[in-house]
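Here's the letter readout for the chains.
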Amino acid sequence: MSTPVLSLLLADARTPSGGYAHSGGLEGAVAAGLRAADVRAFVSARLRTVAAVDASFAAAACGDERESAGPTDRRIHARLALDAELAARTPARPQRLAMRAVGRGLLRVGRMLWADDPLLAAYARASEWTPRPVVLGLLAAAGGLTPVEAARLTLYEDAAGVAAAAVKLLPLDAAETTAWLASLAGEIEAGAATAARAAADAAAAGSPAALPATATPALDLLSLTHHESEGKLFVS
Amino acid sequence: MSAERRALRIGVAGPVGTGKSSLIAALCATLGSELRLGVVTNDIYTTEDAEFLRAQGVLAPERIVAVQTGCCPHTAIRDDVSANLQAVEDLEAAQGPLEVVFVESGGDNLTTAFSPALADTQIFVLDCAGGDDVPRKGGPGVARSDLLVINKVDLAPLVGASVERMVSDAGARRGGRPTLAIDLRGSGGIVDVAAWVLQQESAWRAGTLVSEDPGPPAPHHLHADDGVEHAHAHSH
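First to last, the sequence lines map onto chains A and B. Just remember that the numbering used here sits 22 ahead of the position in the first sequence, which is counted from 1. Just remember that the numbering used here sits 152 ahead of the position in the second sequence, which is counted from 1.
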């Protein structure tokens, strides 16, 4: 498949991974007082924090050309190390569960697209968590995308997912949230480059621990409250 | 998991309030001693349906799980079944081996139908109180579900509905597929639904089950002015 088309396919909300059931923490934030006018800033804050971390992990999981020439054993070991590093950056259990759910959904699609990919098959067997950023990086690698493309997809999906949830939670016109998304293109592009650089630096240092670890304590705490709340639309 | 080894997955769909949860509770009460059963519920806002089923005491609480669907009940059973598929797989892994898992859709409209990736066979539930013209209006659930249940026939005289008309309109739509008119409060009919479930389960075990995928919305809207039938897709 041509890689630009593959990028579109992976960014398309109609590609089934169960993502529509998640709001990126927006529903919890709305319950805590966030208003329609704040959504763009919320999305932007995610792009600089939690989504930036996810994007660097997707870029790292994608790996560059040199890395992809290595033996499968070493490559799978490196992805499981990414699982562990990402878990250490995800202290709230509801968020770990959400990352697992959408990662597992995406992995199901990936296994259908690239049934013979040895790395995907080995990761599906070995990973107990399958968080979305690592899975997305692996799918990007299987399809021949680059780390920066994997990072861009992660950031775009994060922003688009929150925007889609926003129109169900707040009095907002979807055309307006789409315009917000478009206005964040520069941030997404810059974030993708930063994330790819961070992944390359961590690879050069031979240490996934060197990947970004920006914390978002407010989102972590809100996710716990949201998880226990009744009458919610979104899982997370 | 091979088809013979995993549980038969029976989808139960239908509009809000027609008695999907009550039907599943009655089936569990009737069949619980013969079959190892599990239930996955899809609520829009809450885990109310799962709580209702647990409160009925017809099945061990751990055999009933709830999936939340980001206010898209139709999406969760048809367009992107990731969350439900994971719930069924996890339920079977934790409680298995099970013989039948019922997947209850969130109450939706007449265009609801399960994906073949999620349900091996499906029941569509209507009730007399919702209007006796509903079978005539058609739609995929009415026309091509594997079993159509017309519930609450005891209410028909109270709301001026004709059970005969509903059954006969349904028969005209359903090309020989079965329709059962029942009432869960008095004598009737749950035994017939249970017999249908047992027959589906043996066919599944024998590898001879053939389900009719309801597919896209059926044309059912006749325009008087041009006499042409138009496919009439609803969104929820």
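Hint data in this document are derived by calculation from the structure and do not stem from the laboratory. Accuracy of the hints is not assured; some may be wrong.
Covered stretches of chain B, as calculated for chain A (at least 3 residues, CB under 8 Å) [unchecked claim]:
| # | segment |
| --- | --- |
| 1 | 190-198 |
| 2 | 232-245 |
| 3 | 287-300 |
Computed spacing ranges between beta-carbons, pair by pair [to be verified]:
| # | chain 1 | residue 1 | chain 2 | residue 2 | range |
| --- | --- | --- | --- | --- | --- |
| 4 | B | 241 | A | 138 | 14 to 24 Å |
| 5 | B | 310 | A | 143 | 54 to 64 Å |
| 6 | A | 195 | B | 351 | 48 to 58 Å |
| 7 | B | 246 | A | 219 | 41 to 51 Å |
| 8 | B | 231 | A | 253 | 48 to 58 Å |
| 9 | A | 215 | B | 231 | 43 to 53 Å |
| 10 | A | 253 | B | 289 | 24 to 34 Å |
| 11 | B | 327 | A | 193 | 38 to 48 Å |
If you're wondering where the values come from, they're calculated on a predicted model, not measured in any experiment. C-beta atoms are modelled at their ideal positions from N, C-alpha and C, and glycine is treated no differently.
Given the hint of 48 to 58 Å, is the C-beta distance from residue 195 of chain A to residue 351 of chain B inside that range or not? Because 51 Å falls inside the window, the suggested range holds.
Is it true that residue 310 of chain B and residue 143 of chain A lie within 54 to 64 Å of each other by Cβ? 59 Å, holds
Check of the segment 232-245 of chain B against chain A for coverage (Cβ-Cβ below 8 Å, three residues minimum): Since 6 is at least three, the answer is holds.
Cβ separation of residue 215 of chain A and residue 231 of chain B, checked against the hinted range 43 to 53 Å: 34 Å, violated
Does the Cβ distance between residue 327 of chain B and residue 193 of chain A fall inside 38 to 48 Å? This hint holds: roughly 45 Å between Cβ atoms.
According to a criterion of three or more residues whose C-beta lies within less than 8 Å of a C-beta of chain A, is the segment 190-198 of chain B covered? holds (count 3)
Consistency of beta-carbon spacing, residue 219 of chain A to residue 246 of chain B, with hint 41 to 51 Å: This hint holds: roughly 42 Å between Cβ atoms.
Range agreement (Cβ of residue 289 of chain B with Cβ of residue 253 of chain A, hint 24 to 34 Å): Because 31 Å falls inside the window, the suggested range holds.
Note whether the CB distance of residue 231 of chain B and residue 253 of chain A lies within 48 to 58 Å or breaks it. Once the Cβ atoms are compared, 24 Å apart, the range 48 to 58 Å for residue 253 of chain A and residue 231 of chain B is violated.
Between residue 241 of chain B and residue 138 of chain A, is the Cβ distance one that fits in 14 to 24 Å? Since the Cβ atoms of residue 241 of chain B and residue 138 of chain A sit about 23 Å apart, the hinted range of 14 to 24 Å holds.
At least three residues with a C-beta closer than 8 Å to a C-beta of chain A: is that true for the segment 287-300 of chain B? violated (count 0)
Hint compliance for this structure: hints 3, 8, 9 are not met, and every other hint is.
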